[in-house]
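K.L.:
Here is what each chain is made of, one letter per residue.
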Amino acid sequence: MAKITYIEHNGKSHTIEVANGLSVMEGAVQNNIPGIDADCGGSMACATCHVYVRDEWFNKLPQKEDGEEDMLDMAYEPKKNSRLSCQIMVSDQLDGLAVNLPEKQGS
Amino acid sequence: MIKTDVVIIGAGPTGLFCAHQLGIIGLNCEIIDNLDKIGGQCIELYPDKPIYDIPAIPECSGEELTKNLIKQIEPFNFKFHLGERVQEIKNENDKWILKTSKEKEFIAPNIIIAGGVGSFEPRKFSVKNCEQFEEKSILYSIKDKTIFKDKSVAIFGGGDSALDWAIELSKSSKVFLIHRRDDFRGTQASIDKVKKLEKEKKIEIYTKFQISDAKGNGILDSIEIKNDDGEKKLIKTDYVLGFFGLLMRLGPILDWELNIDKKKIPVNTENFETNKKGIFAIGDICSYPGKLKLILSGFHEGALAARGCFKYARPNEKLRFEFSTTSKSVHSRLGIKKDD
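These protein sequence lines are chains P and X, in that order. Positions 778 to 884 (our numbering) are the ones given, in order, by the first sequence. Positions 3 to 342 (our numbering) are the ones given, in order, by the second sequence.
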């Protein structure tokens, strides 16, 4: 179990407890957090669960696989600290993780 | 006006197998898809990625699955209407009238929505200023490549579309290729070719850059690109091309007075009918308790929806349950001749 904070583009923040083994994307979708679309359902085939991971956390997360970087090419305003939230698996170690949501997921 | 028993919206695996099930029970259908090819997400998102969970097929690619589904419905000669989107529907005397983006009209007692997560649309630049130049000098697809002759073109993206067009247009245009990172994800041969053209000064490549502004007074004059460190460059260009893949949008479906919950259409699990009589939803677009977004679930949903259509298409007939192994009528629909 980890407390994860999702910060919408307008600054509104949601902190929820997400069970281990779920992805950060699933935590958002199951708790109706706006701003994460996850059109493809977590198969790394779209880029609509795009989040920015705060610097203090970015390097603690397991590295991206190639496919994730490819999909991020298609994200709305990708940055250095961009991740697909469907590829971040929740564990106790992620307790306190905060992610910022982009202005939108598509365009 | 095209008259049929069922209009299927969406030519992905779910729509294709549903067409098969309609054919098996003796109904006709017409299949419409906004993409210009058959296969839906399988062909657009992962044509060469392997799928491991189709029953009895240990491994296949999206493209192979699509090919086989097309082959399976060949005997029925159903017609596809590709590259067009259903824009409007209305009900008249228990029949649905559909109009597409190409002004084609259909009339049918049944509509099956197998629309996945909506129709695909190109992803656009996020920079606000780009909008005013869209469809004139900022484009997301190429219809006529001759307009670029002797002009300068800034191409954005790192996949095969961006690379292929950079190579092609470099023959007669000044080409800039701009990508947000050093790695290109296109095929190695195209990457090598682009790098070679860069050495020959046929293409200028800027990596780790993204567009940050578009300038011009009515006509595009230049664009500004920026990298992660804030470094900016001004590029004078006549055209800008963006190849960032496709987005999925529910689009006009939202206006059809269907119940929609979290971008999905709730259905009953007996025949996958929606809140509107004669409109069914199957595959990724439908929702019900326990819904799994798997291709195999879409197949099951399509089989039941097809039977749900029967009572509206043939109100005076009774649908008999038959096995394809033994039924003579199914064999004749499939065009199977027994040489006994």
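Rather than coming from a laboratory, the hints here were simulated on the basis of the structure. Errors might be hidden in some of the hints.
As the list claims (entries may be wrong) - Covered by chain X, per the in silico footprint, the following chain P stretches (three or more residues, Cβ under 8 Å): (1) 809 to 818; (2) 860 to 872.
What the hints assert, rightly or not - Computed list of lysine-lysine pairs in BS3-like fashion (alpha-carbon distance at most 27 Å, straight line): (3) 147/X to 198/X; (4) 295/X to 881/P; (5) 857/P to 130/X; (6) 5/X to 104/X; (7) 228/X to 210/X; (8) 264/X to 81/X; (9) 151/X to 138/X; (10) 881/P to 130/X; (11) 97/X to 126/X; (12) 228/X to 857/P; (13) 130/X to 856/P; (14) 235/X to 857/P; (15) 81/X to 856/P; (16) 238/X to 153/X; (17) 264/X to 780/P; (18) 217/X to 857/P; (19) 238/X to 151/X; (20) 856/P to 217/X; (21) 151/X to 195/X; (22) 51/X to 69/X; (23) 881/P to 195/X; (24) 238/X to 195/X.
Quick caveat: nothing in here was measured; it's all calculated off a predicted structure. All residues carry an ideal CB built from backbone N, CA and C; glycine is no exception.
K.L.:
Run every hint past the structure and note whether it holds.
P.N.:
Comparing the hints with the structure gives:
| no. | hint | verdict |
| --- | --- | --- |
| 1 | 809 to 818 | holds (count 4) |
| 2 | 860 to 872 | violated (count 0) |
| 3 | 147/X to 198/X | holds, 22 Å |
| 4 | 295/X to 881/P | holds, 24 Å |
| 5 | 857/P to 130/X | holds, 21 Å |
| 6 | 5/X to 104/X | holds, 17 Å |
| 7 | 228/X to 210/X | holds, 8 Å |
| 8 | 264/X to 81/X | violated, 32 Å |
| 9 | 151/X to 138/X | holds, 15 Å |
| 10 | 881/P to 130/X | holds, 13 Å |
| 11 | 97/X to 126/X | violated, 38 Å |
| 12 | 228/X to 857/P | holds, 13 Å |
| 13 | 130/X to 856/P | holds, 18 Å |
| 14 | 235/X to 857/P | holds, 19 Å |
| 15 | 81/X to 856/P | violated, 44 Å |
| 16 | 238/X to 153/X | holds, 11 Å |
| 17 | 264/X to 780/P | holds, 24 Å |
| 18 | 217/X to 857/P | holds, 26 Å |
| 19 | 238/X to 151/X | holds, 16 Å |
| 20 | 856/P to 217/X | holds, 23 Å |
| 21 | 151/X to 195/X | holds, 20 Å |
| 22 | 51/X to 69/X | holds, 14 Å |
| 23 | 881/P to 195/X | violated, 35 Å |
| 24 | 238/X to 195/X | holds, 24 Å |
In the structure shown, a violation is registered for the earlier hints numbered 2, 8, 11, 15, 23, in ascending order.
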